[in-house]
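Listed below, chain by chain, are the residues.
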Amino acid sequence: MAGKLQFSLVSPEKELFSGEVDGVDVPGEEGDFGVLPGHAPVMTTIRAGAIIIADGGEKRRLFIRGGFADVTPAGLTILAEEAVDIADLDAGKVTEDLRNAEENLRDASTNEKREAASARLEYVRGLSEAMNG
Amino acid sequence: MASLKEFRDRIDSVKSIQKITKAMQMVAAAKLRRAQEAVEAARPYAARMGAVVGNLSSAMDGRPGAPELLVGTGKSDTHLLVVASADRGLCGGFNSAIARKAREEITSLVGEGKTVKILCVGVKAADQLKRLYASQMVDVISLREHKKIDSTIAADIAAKILAMFSAGEFDICTLVFSRFNSVISQTPTAQVLIPAKDSLGDVAGAPDLGGASYDYEPDEEDILKILLPRNLTTQIFQALLENVAGEMGAKMSAMDNSTRNAGEMIDKLSLQYNRKRQSMITTELIEIIAGAEAV
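Here the protein sequences line up with chains A and B, keeping their order.
Taking my numbering, the leading residue of the first sequence gets 1, the next gets one more, and so forth.
Taking my numbering, the leading residue of the second sequence gets 1001, the next gets one more, and so forth.
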């Protein structure tokens, strides 16, 4: 279908992206899905992962954690709890963060700390997967 | 009559006060700009979140099994008032206005025979409310150790409120904060947080789907279970940001006034000082002339 998809990506702190694109791949809770112009209305939760914004043959990847995707006839809106542009990430730092997070999880003494550490690990792991994938 | 030295000392001390208020005004102006940017940057998220919740709640309308966060417990006996204020003074009537709004709310609720509990975010309103309602105060959360308001603070507060709600400690939650209109105008506002359907106001309403029906993945109830707490966080976050911007705006105009007052005071004191000095010189001259004539 011709035309463009109105897409906006917002996190609580700021609006990260707003504009017209060819399509977006979204990591839905129950599986990844692509959104093209004229997609049927869908409302879904998102797992941590990379969204891929395709526009004019160029692909831009952003890592997002937790949130919602809302597809309406007007376009796609992603409400992300946290979003990072993968191009801004530093491979060395992510690897280091991953190691730190693993260590923290091993060292966690209380249940509460363990939960926090494992959530952090999951996040960093997602980040590194999104980067390498 | 004060001596000349006393006048000089007073002028000096007013001058140093003026320097301080001037500096505070400039700091507030710089912080205000940042706070304003933060409020504006956060608005799209809050607006879209509101729209999404609006969509879902109109889809859930009238269906059984809707979550209590959305439709309420069916009672309205116990109210939780979340009062968000600044953590520092010297910002004119900003904190007092919030505390007054909270007091009005409390008085009208108590008048209706409801039980009121208070959760304070920011110590300044808490200081004022403590005098009257110390026994109803559940907790006071200080923001002082946080340099910058970010969504994790709001998430912590939301988690606290949710824990209380699921423990059945209140039925309706209202947030009192100051809405930022402009640098010189902030409106203390009471906003219902729980049940969520009462907080939607005019943003609610399903969008035109062009005949297509909405798909939900997972189903509406599961989404709402995640969405509503998130929505709570967002609203609190937004309120905190509006508060910071309002506080800085109020501080800026308060300090601007003080600087101007100090300037007026310096002018008045200088005038008195000069008059006094002149009259002393005149007296001395008269004495000298009178002395010379006598010789």
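Calculated from the structure, these hints are not laboratory results.
Among these hints, one or two may not hold up.
Computed, partial: chain A to chain B, Cβ under 8 angstroms [what the hints assert, rightly or not]:
1) V10
2) E15
3) P27
4) E29
5) A40
6) T45
7) T77
8) S128
Cβ atoms here follow ideal geometry from the backbone N, Cα and C, with glycine treated the same way.
Against the structure, the hints come out as follows:
no.: 1; hint: V10; in the structure: holds, 4 angstroms
no.: 2; hint: E15; in the structure: holds, 4 angstroms
no.: 3; hint: P27; in the structure: violated, 12 angstroms
no.: 4; hint: E29; in the structure: holds, 7 angstroms
no.: 5; hint: A40; in the structure: holds, 6 angstroms
no.: 6; hint: T45; in the structure: holds, 6 angstroms
no.: 7; hint: T77; in the structure: holds, 5 angstroms
no.: 8; hint: S128; in the structure: violated, 22 angstroms
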